[in-house]
Amino acid sequence: MNIVVCMKQVPDTEVERSLVPGDGTVDRAGADGVINYLDEFAIEEGLKLREAHGGEVTILTMGPVKAADSVRKALSMGADKAVHVIDDALAGSDAVASSLAIAEALKLTGFDLVLFGCESTDARTGLVPAMVAERLGVPQLTLAAKVDVSGPEVTIRRVTDDGVATVTGSLPAVVSVNEKINEPRYPTFKGIMAAKKKPVQTLTLADISVPAGQVGLDNAWSWVDDFAARPPRQAGVIVKDEGDGGNKAAAFLAGRKFI
Amino acid sequence: MAEVLVLAERDASGEVKKVTLELLTAARRLGEPSVVWLGPGAEGAQARLAEYGAVKVYSADSADFAGYVTAPAAELLAKLVNEKSPAAVLVAGTNDAKEAAARLAVKTGSGVLTDAVSVTADGGRIVAEQPNFGGAVTVHSSVRTGTPIIALRPGGVTAEPSTGAAGIEAVEFSASDEAKLARVTERAPAEKGGRPDLSEAQIVVSGGRGTGSEEGFKIIERLADSLGAAVGASRAVVDAGWYPHQFQVGQTGKTVSPQLYLAVGISGAIQHRAGMQTSKTIVAVNKDAEAPIFEIADYGVVGDLFTVVPQLIDDINKHKG
Numbered sequence: 001m002n003i004v005v006c007m008k009q010v011p012d013t014e015v016e017r018s019l020v021p022g023d024g025t026v027d028r029a030g031a032d033g034v035i036n037y038l039d040e041f042a043i044e045e046g047l048k049l050r051e052a053h054g055g056e057v058t059i060l061t062m063g064p065v066k067a068a069d070s071v072r073k074a075l076s077m078g079a080d081k082a083v084h085v086i087d088d089a090l091a092g093s094d095a096v097a098s099s100l101a102i103a104e105a106l107k108l109t110g111f112d113l114v115l116f117g118c119e120s121t122d123a124r125t126g127l128v129p130a131m132v133a134e135r136l137g138v139p140q141l142t143l144a145a146k147v148d149v150s151g152p153e154v155t156i157r158r159v160t161d162d163g164v165a166t167v168t169g170s171l172p173a174v175v176s177v178n179e180k181i182n183e184p185r186y187p188t189f190k191g192i193m194a195a196k197k198k199p200v201q202t203l204t205l206a207d208i209s210v211p212a213g214q215v216g217l218d219n220a221w222s223w224v225d226d227f228a229a230r231p232p233r234q235a236g237v238i239v240k241d242e243g244d245g246g247n248k249a250a251a252f253l254a255g256r257k258f259i
Numbered sequence: 001m002a003e004v005l006v007l008a009e010r011d012a013s014g015e016v017k018k019v020t021l022e023l024l025t026a027a028r029r030l031g032e033p034s035v036v037w038l039g040p041g042a043e044g045a046q047a048r049l050a051e052y053g054a055v056k057v058y059s060a061d062s063a064d065f066a067g068y069v070t071a072p073a074a075e076l077l078a079k080l081v082n083e084k085s086p087a088a089v090l091v092a093g094t095n096d097a098k099e100a101a102a103r104l105a106v107k108t109g110s111g112v113l114t115d116a117v118s119v120t121a122d123g124g125r126i127v128a129e130q131p132n133f134g135g136a137v138t139v140h141s142s143v144r145t146g147t148p149i150i151a152l153r154p155g156g157v158t159a160e161p162s163t164g165a166a167g168i169e170a171v172e173f174s175a176s177d178e179a180k181l182a183r184v185t186e187r188a189p190a191e192k193g194g195r196p197d198l199s200e201a202q203i204v205v206s207g208g209r210g211t212g213s214e215e216g217f218k219i220i221e222r223l224a225d226s227l228g229a230a231v232g233a234s235r236a237v238v239d240a241g242w243y244p245h246q247f248q249v250g251q252t253g254k255t256v257s258p259q260l261y262l263a264v265g266i267s268g269a270i271q272h273r274a275g276m277q278t279s280k281t282i283v284a285v286n287k288d289a290e291a292p293i294f295e296i297a298d299y300g301v302v303g304d305l306f307t308v309v310p311q312l313i314d315d316i317n318k319h320k321g
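Order-wise, the sequence lines are chains A and B. Going by this note's numbering, the letters in the first sequence line up with residues 1 to 259, in that order. Going by this note's numbering, the letters in the second sequence line up with residues 1 to 321, in that order.
Take the hints with a grain of salt, since some may be wrong.
[Unchecked claim] Partial chain B-side listing against chain A, Cβ under 8 Å, derived:
#1 Asp-96
#2 Arg-183
#3 Val-301
Read the hints as simulated data drawn from the structure, not as lab findings. Beta carbons are placed, not taken as given, at the ideal position from N, Cα and C, and that holds for glycine.
Just chain A, with the same shape it has in the complex (with noise of 0.2 Å):
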């Protein structure tokens, strides 16, 4: 089975980020870049797919220069080669526009099976995977707990804020998975050092057919009017307990008319 995972490099969570002053995209060059970390469970079930029914996993990814550090992560895990889309008319692209050039990635390296996180911990729009499977045209298998393949069919445990529910559809398809699904493995020392000598094929927008006018900043479908860092919250009051601080919470609560 030839299975796609999808990743993306972010802003690490742990630490505070913020947007460009001008343009309100996400700043990615004053912040330490990690692979998105919902689409470590996706790299962790298409190597578990490919166990248990052969193939290879290659990942896509797009991205700047820096984005080529958590490829090689990604390789160090298990997988067998890798994509990136690297072009700076990318930089600043909204969901449409990175779906679209993801779509038509795609469509070159060829796939059976596409794998994404459920969303990005920076832009957390959520959008993308289903996007890539409207521009495909192939089954949209989203929000997955959990991933069967048999045969040519693909059934997921598909769980939203409404509940659960059993959805299939046929390969090829593009599946997005939720972080109850596995247990991401770490790379260990021999991973990393195969990870060396693995493949990743560099494409620009010219190899996967896309006009620049299509993506980028500039020709964004969304756009960030302006922004600002919301006001630090106001300092609270801070009682330490000596018997009555469940007493006082609560005449906090009645003071402000919550109980």
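Chain B: place on chain A using the hints.
Here is chain B on its own, set in the frame of chain A:
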């Protein structure tokens, strides 16, 4: 006035969700709201939709919406966008609706904004306010191409009644073969229990690692029930298996902004704050005075939650008298 499409949602019992009323309230600021109703039951919902100012209800009574994942909804919305040329399409920031919005954006060549907490008409433009990075940054965004498609965070807008005709117009619809690629073969609604929905609750009581165990976490449920609140949990609690995943608040769980958020035994790592720091009032109980949750709390008690919380519950119950 221009028409604004509002994608309605109902809960497992068939009632119109509160977020739909919030969408109607937001839509009235932009134009005349027309509800898009998927599947059966528009007649039963009509009175409620009228109370919140729906002018029309497009009722597409097809089984395809329940039978296939999101693509049929996107197809219907695209048909209505092409026929009615609305000023905007508003959907709830729920999984199903956001995915329908994603596909609609591709189908209609439109920009899409998610996680909006308010929308305003600014001349010819529609501007959405979005809290980014868990509320650390407030962003104003707009759509420059196509029909603005905006997903609103549940609880972001306060629902306000206003009278509308809510006249039902039946829409003939059956999904194309391309929209029937992901078949739903089985469905189980989320366990509701007796508590309010986490994303829609006025008060949320969340417990963290400090509760110590599945047994210890029960004190969070008792406190929540004394306040008529929803229960939330930190990632540590969910990862430990003390409470189900659907109640996780934070970066990779739900984002909530209730009137009151009580964080009990939660240190307040940035991952958790991302899911709750836009709450109107925050109260924290934690035994570590250095816990970062106290930096954003309006009121904090440094102490053992197993002595502070029972006393708090007693006092709350006394107030109910």
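- At a threshold of 8 Å, is the proposed contact between B:Arg-183 and chain A supported by beta-carbon distances? Nearest chain A Cβ about 5 Å off; hint holds.
- Query: Is the hint on B:Asp-96 kept, meaning its closest Cβ partner in chain A is under 8 Å away?
  - Reply: holds (6 Å)
- At a threshold of 8 Å, is the proposed contact between B:Val-301 and chain A supported by beta-carbon distances? Holds, about 4 Å.
Comparing the model with each numbered hint stated earlier shows that all of them hold.
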